[in-house]
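Since the structure of chain A is already known, use the hints to place chain B on it.
Residues per chain are reported as follows:
There are 2 protein chains.
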Amino acid sequence: MRTLPITLAALLLSTTPLSAKPADKPDDNAQVLRIIDEGTNRSQVMQTAQHLTDVIGPRMTNSPGMRKAEAWTQEKFREWKLANIHKEGFAFGRGWWIEKSSVRMVTPRPIQLTAIPIAWTPATKGALSAPIIVAPMSKPQHFEKWRGKLAGKIVLVSMPGEGSEPGKPAFQRLSDEELGKLDSYEQPDWNPDKLAEWMKQARFERELADFLAREGAVAYATRSRRDGKLLHGEGYLHRTGETPALPGVEIAAEDYRRLARLALVGDAPTLEIDSQVHFDDSDPQGYNIIADIPGSDASGAYVMAGAHLDSWAAGDGAADNAAGSAMIMEAARILSAMGVKPKRTIRFALWSGEEQSLYGSIAYVEQHLANRPAPDRKLDAGELYYSWATRYPITTLPGHKNLAAYFNLDNGSGKIRGIYAENNQAVVPIFRQWLEPFGPMGASKVVIQKTEGTDHQFMQSVGIPAFQFIQDPLDYGSRVHHSQIDTFDHLKAEDMRQGAIILASFLLNAANADTPLPRGPVPTQPNVTDPFAYPDPDQDR
Amino acid sequence: MRTLPITLAALLLSTTPLSAKPADKPDDNAQVLRIIDEGTNRSQVMQTAQHLTDVIGPRMTNSPGMRKAEAWTQEKFREWKLANIHKEGFAFGRGWWIEKSSVRMVTPRPIQLTAIPIAWTPATKGALSAPIIVAPMSKPQHFEKWRGKLAGKIVLVSMPGEGSEPGKPAFQRLSDEELGKLDSYEQPDWNPDKLAEWMKQARFERELADFLAREGAVAYATRSRRDGKLLHGEGYLHRTGETPALPGVEIAAEDYRRLARLALVGDAPTLEIDSQVHFDDSDPQGYNIIADIPGSDASGAYVMAGAHLDSWAAGDGAADNAAGSAMIMEAARILSAMGVKPKRTIRFALWSGEEQSLYGSIAYVEQHLANRPAPDRKLDAGELYYSWATRYPITTLPGHKNLAAYFNLDNGSGKIRGIYAENNQAVVPIFRQWLEPFGPMGASKVVIQKTEGTDHQFMQSVGIPAFQFIQDPLDYGSRVHHSQIDTFDHLKAEDMRQGAIILASFLLNAANADTPLPRGPVPTQPNVTDPFAYPDPDQDR
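Chains A and B, in that order, are what the protein sequence lines are. Sequential numbering from 1 applies to the first sequence in this note's numbering. Sequential numbering from 1 applies to the second sequence in this note's numbering.
If you're looking for bench data, these hints aren't it; they were derived computationally from the structure. There may be inaccurate statements among the hints.
Each pair may be met inside one copy or between any two copies, as identical chains are not told apart.
[As the list claims (entries may be wrong)] Calculated pairs, DMTMM-like style, for lysine to aspartate or glutamate (alpha carbon to alpha carbon, straight line, at most 20 Å): (1) K343 with E207; (2) K181 with E207; (3) K87 with D281; (4) K181 with E452; (5) K68 with D267; (6) K343 with D189; (7) K149 with E436; (8) K100 with D274.
Looking at chain A on its own, in the form it has when it is part of the complex (with noise of 0.2 Å):
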């Protein structure tokens, strides 16, 4: 099964060097000391991601935070002295953000229970009180069982489940072993019944939502799906004219299964919500914002680093992904203090709409590089994102050929240990050589792993070679995505001022090597399916 992959790695190892190295030129060894310089003591990442997060908060998309986020980001480039400073639109929907939230228990007793509106769902007029009904949907098929009994309430839609044990630290950083086992390629895995089982989940927030307002409930709220009081919040139910009629909120876990074990062995609870939060459709356009450090080839031939600016509401966006944008901007910060005239222009990105479904990158694709056949219908935000990269075939823009390499970062603030090749087996000796400075700072591994769910994905599946950086976990994906402890002080100052600095000698690198990054061909429909299988006698299609 890998014999493919590994005889064209070793091919491809054969024929070094691709481009020019770089590093071997006396000049590029000392950009990388002033690099280090510059990131190192004259370091403002920090700053950039407090100011980000802190005084600016969350960042919703088309929220007042994320209004305000894109014009400080575009100050602060100018301030820097970037270059082709500007905003560029795409359709989005409405703004939202919360002032106030409260849900409580009371009855059979008073309790404070820790909660979060969902995502562009409406307020409540003042508090509302009722009783609950525990009533768990996951697909429209569970509907007929409730059907006639939430009138009045307010329904839990979760199953309670049962409490977590974590096994592993929450705080970590990649072994060595860890990192090995990265390195591996897999063939890419295209089933339509997992396609058509996502894009049902992707419509049933909407399909729920009609339900319950059908049905007469007053307000919906979901189990958080993470223990321990961490909370979330998500919903994606954006778009004008979309918007839920429900006030629905997350519970806790811990209070939602209280809440369930109670209404089992007594009367059920009364909860009082009172969600005063508010809609904004002053402009239903989201915005990336785009700054150039511009390239002396007249080809119009640039590199790319981007982050999305975008977060949800329950935190302030912090690892997730302030880190990744201050990263960016410092790397731009960086390589503008040192006055450097690269051969290719150097494009810095901040995207908007990243969380619902890509679409800030999405439109940046569309915009810039490349159209895939529309859908055949208006799709949810999940749909468009399961979707986007299955609509054929391809049809690449004049600004395709130009985009020479992009750089993604939006996995937290952890220090970079490598980069994923994403299955661009010519680029590994490239990307060795461009890491070798960085070994002491604990970068060095290429590996071959293609990695998904964040903004260069749809850039990579119309052919850009687009990459993402390894970097050590911390405790992002145990506690800090998405929950309300997505704050400033998991962020780790050493490990951002190491991830601007190698980000910027790659993007330096990119930018002057002789010949561009090699790339794949733009991606034909492919056709992988297991040709011998039965279709599963339980897949409900």
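Using the frame of chain A, we list chain B on its own:
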């Protein structure tokens, strides 16, 4: 240094049997099977724990919740046909409970903070708004720096600190290696300097409350000692006449640190505190709950098991200590259901006031077992705890000789892995024998180590053979202990059934043993300070 105890242990080990070997009697072997049957197939331990936690909820000493628990546990003992069911009072102070609370940052941007009123601080009069000042104070010498600067302010009295990097799993069971490390004798460390320092720290809460009131501050806030949004809300000024003048709240570490950083880079944030708490002064006495299975021996000899029923208010007091209380009650139910007629009476005790200073178990000692000279002044709660065992001579009461053994449970819901011999080398071989049937259930280890901090401590200090079991830690210390996630769903049902079974078996063994458990001499004033130590010049005495 360890010659004496090892020699002593060897000597004692060579003199077995110190008591009869109950497990050698066929009757006793059969009794183990009956205990396991009753405690497994008709277990009520989780129903008991669920009522104490979900239904009754937090049980702060003298709060309405604790009053309900005092009544309900006596009802259950009556239902299970125990004898001599009664409560025993002791002086404690005020009841206090939380109806509703909210802490928000209102400027420079709105955030609903995670916070909890500090126990026994007064309510706000509606919502109180004021700017913060970060004024860390941890000893009276710090007051001078802030004098004249606190009027009209909400004073943040803790150091902001830094985020944690939890490098151990939150949920753990003890390995054989870890169990082995517990079997290590330590000579007592009687250090007057340390004691003086602890006593000063114990007084500081009251001194700080007085200082803040004199300075005209409007409220104060502390930082949670754990991050990850965990809260505790401990406070110790529970006595009538000692209530602080100002409302106090504990703020989640992430939120506290954000406030402190914002105050450094801009105008002091404004907080809005709405603390709807209530005092209950209907009865200043705390109460221990007592229930017996009467023994046939006319001497008045008894064995006892106890756990504290009181809790803090952030969670539902599940692991601390509905778990222990439910296992004590379940052992009573099992033995009563079996209709045992023990030689010595078996007594079950549910203590109150443990969380503030082991008030309930101290009261039991003073009422039934032994007295110490009165302190020379009225002591704060923490001072009482640190100094109680330092007053000599001990005067034993007639009941002292009757209490043949005490077993305590207060380490969460983790299964019993063995027992601490608490520096009583003579019981080691006896406990090994008593644990024999339970090796396959995971409980086999007898370790010499002495433990403190809960209700066996001061019985032990007057010469009673008083013990605690070794339990798997689970996530008790890492995140549950005293926090708002100390709820029912962090309890482990299988573990608690095992614990109740082993406790019941130990109690029956202790009650029926031909001779009582070996006990040491009644302690006299120790003199083990290093006579050659120079005073630490930095120590502020």
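Comparing the hints with the structure gives:
1. K343 with E207: neither (52 Å within a copy, 67 Å between copies)
2. K181 with E207: neither (40 Å within a copy, 57 Å between copies)
3. K87 with D281: within (19 Å within a copy, 63 Å between copies)
4. K181 with E452: For K181 and E452, only the intra-copy Cα distance (17 Å) is at most 20 Å; the inter-copy one is 46 Å.
5. K68 with D267: So K68 and D267 pass the 20 Å test across copies only (18 Å; inside, 47 Å).
6. K343 with D189: The answer is neither: 38 Å in one copy and 71 Å across copies each exceed 20 Å.
7. K149 with E436: Close neither inside one copy (65 Å) nor across copies (55 Å); limit 20 Å.
8. K100 with D274: Close inside one copy (8 Å) and across copies (13 Å); limit 20 Å.
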